[in-house]
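**Q** Following the hints, put chain B with the ligand in place on chain A, whose structure we already have.
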Amino acid sequence: MTTEHSKAKIAGYLARFFPGHDLREDEDIFSLGFVNSMFAMQLVTFVEHDFGITVENEDLELDNFRSINAIARLVEGKRAATAAG
Amino acid sequence: MKPHLSPEQEEARASFRAFVDEEIASRADEWHRQERTPPEIVRRLAERGYLGWTLPTGFGGGGRHMLTLGLLAGEVGRGCSSLRSLITVHSMVGHAIARWGSRAQQAAWLPLLASGAKIAAFALSEPGVGSDAQSVETRARLDGDGYVLDGQKKWITYGQVADVFLVFAQCEGAPCAFLVERNRPGVTIEPITGLIGIKASETAAIRFTDCRIPADALVGRRGLGVSHVAAAALDSGRYTVAWGCVGVLEACLEACVAYTSERMQFGVPLKQHQLVRRMITDMATELSAARLLCLEAGRLRDAKDPAAIAATSMAKYFASTAAARAASNAVQIHGANGCSSEYPVQRYLGDAKVTEIIEGSSQIQQITIAEYAYQEYRGIPRNAR
Ligand SMILES: Cc1cc2nc3c(=O)[nH]c(=O)nc-3n(C[C@H](O)[C@H](O)[C@H](O)COP(=O)(O)OP(=O)(O)OC[C@H]3O[C@@H](n4cnc5c(N)ncnc54)[C@H](O)[C@@H]3O)c2cc1C
Chain A
1 MTTEHSKAKI AGYLARFFPG HDLREDEDIF SLGFVNSMFA MQLVTFVEHD FGITVENEDL
61 ELDNFRSINA IARLVEGKRA ATAAG
Chain B
1001 MKPHLSPEQE EARASFRAFV DEEIASRADE WHRQERTPPE IVRRLAERGY LGWTLPTGFG
1061 GGGRHMLTLG LLAGEVGRGC SSLRSLITVH SMVGHAIARW GSRAQQAAWL PLLASGAKIA
1121 AFALSEPGVG SDAQSVETRA RLDGDGYVLD GQKKWITYGQ VADVFLVFAQ CEGAPCAFLV
1181 ERNRPGVTIE PITGLIGIKA SETAAIRFTD CRIPADALVG RRGLGVSHVA AAALDSGRYT
1241 VAWGCVGVLE ACLEACVAYT SERMQFGVPL KQHQLVRRMI TDMATELSAA RLLCLEAGRL
1301 RDAKDPAAIA ATSMAKYFAS TAAARAASNA VQIHGANGCS SEYPVQRYLG DAKVTEIIEG
1361 SSQIQQITIA EYAYQEYRGI PRNAR
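Heads up: the sequence lines are chains A and B, in that order.
Be aware that the first sequence starts at 1, since it is given in this note's numbering, and climbs by one per residue.
Be aware that the second sequence starts at 1001, since it is given in this note's numbering, and climbs by one per residue.
If we strip away everything but chain A, and leave its shape as in the complex, we get (with noise of 0.2 Å):
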């Protein structure tokens, strides 16, 4: 999968949190307010689930999760060190 492919997913999962709004790749999600308490955890399960990584504790940052870019970041960042060994 791409790079594109991949912020192309996670902006399709995201959109049904911010009805009517058309996310930037750069944009904050946590500036657009408070989704609601599952939001979270379906973040974390979608990308776990979607892109077969497992988010531990040390990548919980929530500079990590912020934008589509940042996840996809994170996506790449995961996939290239589960690669590398």
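Rather than coming from a laboratory, the hints here were simulated on the basis of the structure.
Small disclaimer: the values here were computed from a predicted structure and weren't measured.
Be careful, since some hints might not be right.
[Claimed, not checked] Below, simulated BS3-like cross-link-like pairs (lysine-lysine); rule was C-alpha separation at most 27 Å, straight line: (1) B/K1154 with B/K1118; (2) A/K78 with A/K9; (3) B/K1154 with B/K1353; (4) A/K9 with B/K1304; (5) B/K1304 with A/K78; (6) A/K7 with A/K78; (7) A/K7 with B/K1304.
**A** What follows is chain B with the ligand alone, placed relative to chain A:
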């Protein structure tokens, strides 16, 4: 009406069922009256691996599927909701550590929890804070290379006997989760008795006074204690509570089928009266529906699907409200006998009521599930579905 299970799942269910029938069901009323869980039965759960069922095998757990954990909670819940609560709170903490604990915390705690050598409890609620979990008032102050806890927790299931608590506190305005051993200086535990349900679950209030804990007691990041650590634990808790309610529904139905077949009024067994049969119909239908929602939640959890979170909320919401309806009707069907302690149905009523309040009350589930509905069905035109 049998659930569609694989042969291995069916075998697991049969062995849970036999264990519950032999060692739990006939003694649950006595534990309920004494408001106590005998340590021997906790040891029996531990011996059979039931306290570490889904924990990773690398840490001494059973590495089993969420689906069979559900079957276990359902069978134990059929016999005794208090004991099901033990599985619930203990596995909530185990799950939170497996999910968000550091490697060192996992290595230190998971083998102890998996074997049942240590019992864990979940300490979120406070005298002034329940549904609004982000607002916990217990404080954690940074002090040298550790923290100092001050505050109180209330309604902590198995708090009287647990060896370790997953405690939620604010540290400089950031919600945090900590693992706190019961024998730390500054921890005081007071039993709570006289509850309406899960009466044998050795509930306690806990006070922390200048309680010093090391830096490595923090689970997950500072600030993510509620949104991630408590959320993971509560999601796991909702799952086993939902299954426990399936067990209560089944126990109600079994009790009512037996009673209405024997008890005579107006010259015929109660089961000949259509208004009684209607209550049996609702019980049987809602038992089936609740079980299917729980099975679906279990399958999604095993697939690590993000939809599992909402599916679990729905299963918990439906199963707990259905169990409360069924238990209320079970008492109705048993008449005065149902109001007495000679029959277990009055125990089911109190136990089922509690499940509508814990792990997010029915109102909190209604709020969350509606949010999910708006999230999933937003703006999709009718003809495109
Ligand atoms: C037997 C038992 C065992 C328990 N075990 C534990 C345990 O092990 N660990 C632990 O941490 N806690 C435990 N609890 C506490 C439980 O989690 C809380 O009772 C629960 O979170 C509800 O909080 P509350 O009781 O403070 O009610 P409140 O939050 O004060 O709510 C009271 C009522 O108002 C409703 N309400 C609240 N907010 C809203 C809203 N926004 N919209 C609409 N309605 C609302 C609620 O649904 C409820 O009906 C236990 C409770 C019981 C009864």
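**Q** For every hint, state whether the structure bears it out.
**A** Going through the hints against the structure:
For a cut-off of 27 Å, the pair hint linking B/K1154 to B/K1118 stands: about 21 Å separates their Cα positions. Of the pairs offered as hints, the one joining A/K78 and A/K9 holds, with about 17 Å between alpha carbons and a cut-off of 27 Å not exceeded. Under the criterion of a C-alpha separation no larger than 27 Å, the hint pairing B/K1154 with B/K1353 is consistent with the structure, at around 18 Å. The hinted pair formed by A/K9 and B/K1304 meets the criterion: a straight-line CA distance of about 18 Å does not exceed 27 Å.
The suggested pairing of B/K1304 with A/K78 holds, with an alpha-carbon distance near 18 Å, which does not exceed 27 Å. Restraint check: the Cα-Cα separation between A/K7 and A/K78 comes to about 15 Å, which is no more than 27 Å; the hinted pair holds. Between A/K7 and B/K1304 the alpha-carbon distance is near 21 Å, which keeps this suggested pair within the 27 Å criterion.
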